[in-house]
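> Protein chains in written order, with numbering that gives the first Met the number 0: chain A, 0 to 245; chain B, 0 to 119.
There may be inaccurate statements among the hints.
[Claimed, not checked] Below, in silico cross-link-like pairs of lysine to aspartate or glutamate (DMTMM-like), each with a Cα-Cα straight-line distance of 25 Å or less:
1. K34(A) with D109(A)
2. K217(A) with E26(B)
3. K80(B) with E237(A)
4. K217(A) with D109(A)
5. K78(B) with E26(B)
6. K242(A) with E26(B)
7. K231(A) with D96(B)
8. K217(A) with E233(A)
9. K113(A) with D226(A)
10. K48(A) with D88(B)
11. K34(A) with E237(A)
12. K45(A) with D3(A)
[As the list claims (entries may be wrong)] From the derived model, a few chain B residues whose C-beta atoms are all more than 12 Å from chain A:
13. R39
14. I44
15. L55
16. T76
17. M94
18. G101
19. L102
Calculated directly from the structure, the hints in this document are not laboratory data. Positions of the beta carbon are idealized from the N, C-alpha and C atoms, including for glycine.
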Amino acid sequence: MAEDLVLDTAIRDWVLIPLSVVMVLIGILRYFVSKLMRSSTQPDPKIIKEGQVIIRARNLRAGANYIPAKSFRARKVYYSNEENGLLHVPKGQAQNPQAQMFSDPNMAMDMMKKNLSMIIPQTLTFAWVNFFFSGFVAAKIPFPLTQRFRTMLQNGIDLSTVDVSYVSSRSWYFLNLFGLRGLFSLILGEENATDDTQRMMQMSGFGFDPSKSLGAEKDGLDIIQHDWALPKFEQRAEAVLRKLVK
Amino acid sequence: MSGHDNSNGSSEKSSSVMDDLPTFNAENMQNNMKVILYSRTFMAIIGGVIAGILGLTSLTGFIFYFLVMVITSVALTAKAKFSIHSYFDSWNRVMLDGFFGGLMSFVLFWTFAYDIVHIF
Numbered sequence: 000m001a002e003d004l005v006l007d008t009a010i011r012d013w014v015l016i017p018l019s020v021v022m023v024l025i026g027i028l029r030y031f032v033s034k035l036m037r038s039s040t041q042p043d044p045k046i047i048k049e050g051q052v053i054i055r056a057r058n059l060r061a062g063a064n065y066i067p068a069k070s071f072r073a074r075k076v077y078y079s080n081e082e083n084g085l086l087h088v089p090k091g092q093a094q095n096p097q098a099q100m101f102s103d104p105n106m107a108m109d110m111m112k113k114n115l116s117m118i119i120p121q122t123l124t125f126a127w128v129n130f131f132f133s134g135f136v137a138a139k140i141p142f143p144l145t146q147r148f149r150t151m152l153q154n155g156i157d158l159s160t161v162d163v164s165y166v167s168s169r170s171w172y173f174l175n176l177f178g179l180r181g182l183f184s185l186i187l188g189e190e191n192a193t194d195d196t197q198r199m200m201q202m203s204g205f206g207f208d209p210s211k212s213l214g215a216e217k218d219g220l221d222i223i224q225h226d227w228a229l230p231k232f233e234q235r236a237e238a239v240l241r242k243l244v245k
Numbered sequence: 000m001s002g003h004d005n006s007n008g009s010s011e012k013s014s015s016v017m018d019d020l021p022t023f024n025a026e027n028m029q030n031n032m033k034v035i036l037y038s039r040t041f042m043a044i045i046g047g048v049i050a051g052i053l054g055l056t057s058l059t060g061f062i063f064y065f066l067v068m069v070i071t072s073v074a075l076t077a078k079a080k081f082s083i084h085s086y087f088d089s090w091n092r093v094m095l096d097g098f099f100g101g102l103m104s105f106v107l108f109w110t111f112a113y114d115i116v117h118i119f
């Protein structure tokens, strides 16, 4: 193990700080570019309708205890009976999400745009870092790590004698890539570009296959235990009043 | 230590005396969770910078992170006027949410400040 290395201050001024600043700025730039490129698609009325039905059913489920048992049963039947309930999906009519995606070229286009706005800046920055800053130690993390982390932290340096806590510039780039997510969520608000992968997953689960979520909602409605809250509210009101009087 | 002053999400209207019946508005609850996440991230970043400038290393730094998170939890509890159950459904929300999410930001900013101040 080598003892403390002496690093040139020029590395700090010309590598460490610029690299971090560039990462932050590129993150912001990517956010605005993806915002610009987001096209407003004409939503399919059928999908919207199904989404609204799901929201209504969910509201019923959440507020089930605030209505009398009879009303709840009536609403439940309205949503989930086997003949013409809103949540009931006839067999065979469920659309294959894959086929639906192919039939709508806009959707694929949109996804590709999103992917591109994600991948292109990343490759470009990585190439930039590689080209200018490869092959030297740029930073030191303030805690010891085991040898296992060497490939992760000293990417681009092929020396086995350097202490593992020293970080090469290329790996500093990766650390930035992952660690700045929190900062972005602070400065860009919640819907920032780094969450794109998550959103994509959510979309493919929610919007593309409504019949499945309809079925799930129906099951949820079926198993709910109705327990009217009003009788209990008298006791509750009594407790509140007693507390006030005291 | 002012990351939690931006939490205006105390809009949960529920004067529940008896806790057996959940009377929560899901949207407000989500807003509260978001506020917690933001304040945690903010505190993690600020804490990381402070730890780096102080020159804490290895275990001391992680203990410092833990302390910062505890302070944040206490401050959030104080912000909720010590009645957690009228804003969140469980204590874990206030105590644990975003604990590990903030760690990455903490480590990054800790390293950054430490490198700039100490090793060159």
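> Regarding the pair K80(B) and E237(A), is the alpha-carbon distance no greater than 25 Å?
OK: K80(B) and E237(A) at ~24 Å, within 25 Å.
> Taking only the CA atoms, is the gap from K78(B) to E26(B) under or equal to 25 Å?
19 Å, holds
> Are the Cα atoms of K217(A) and D109(A) separated by 25 Å or less?
Violated, because 31 Å separates the two Cα atoms, which is more than 25 Å.
> Holds or violated: K217(A) with E233(A), Cα cutoff 25 Å?
32 Å, violated
> Can we trust that L102(B) is non-interface, i.e. its beta-carbon lies farther than 12 Å from all of chain A?
9 Å, violated
> Evaluate the condition: distance from the CB of G101(B) to the nearest CB of chain A exceeds 12 Å.
Given that some Cβ of chain A is not farther than 12 Å from that of G101(B), nearest at about 6 Å, it is violated.
> Please verify whether K34(A) and D109(A) have alpha carbons no more than 25 Å apart.
With Cα atoms ~12 Å apart, K34(A) and D109(A) stay inside 25 Å; holds.
> Are K231(A) and D96(B) close enough, with their CA atoms no more than 25 Å apart?
Outside the cut-off at roughly 32 Å; violated.
> Can we confirm that no CB of chain A comes within 12 Å of the CB of T76(B)?
22 Å, holds
> Compare the distance between the alpha carbons of K34(A) and E237(A) with 25 Å, and conclude whether the hinted pair is satisfied.
Between K34(A) and E237(A) the Cα gap is close to 53 Å, so the pair fails against 25 Å, i.e. violated.
> Holds or violated: are the alpha carbons of K48(A) and D88(B) at most 25 Å from each other?
32 Å, violated
> With 12 Å as the threshold, tell me whether I44(B) passes as away from chain A on beta-carbon distances.
6 Å, violated
Checked against the numbered hints given earlier, the structure breaks hints 4, 6, 7, 8, 9, 10, 11, 12, 13, 14, 15, 18, 19 and satisfies all the rest.
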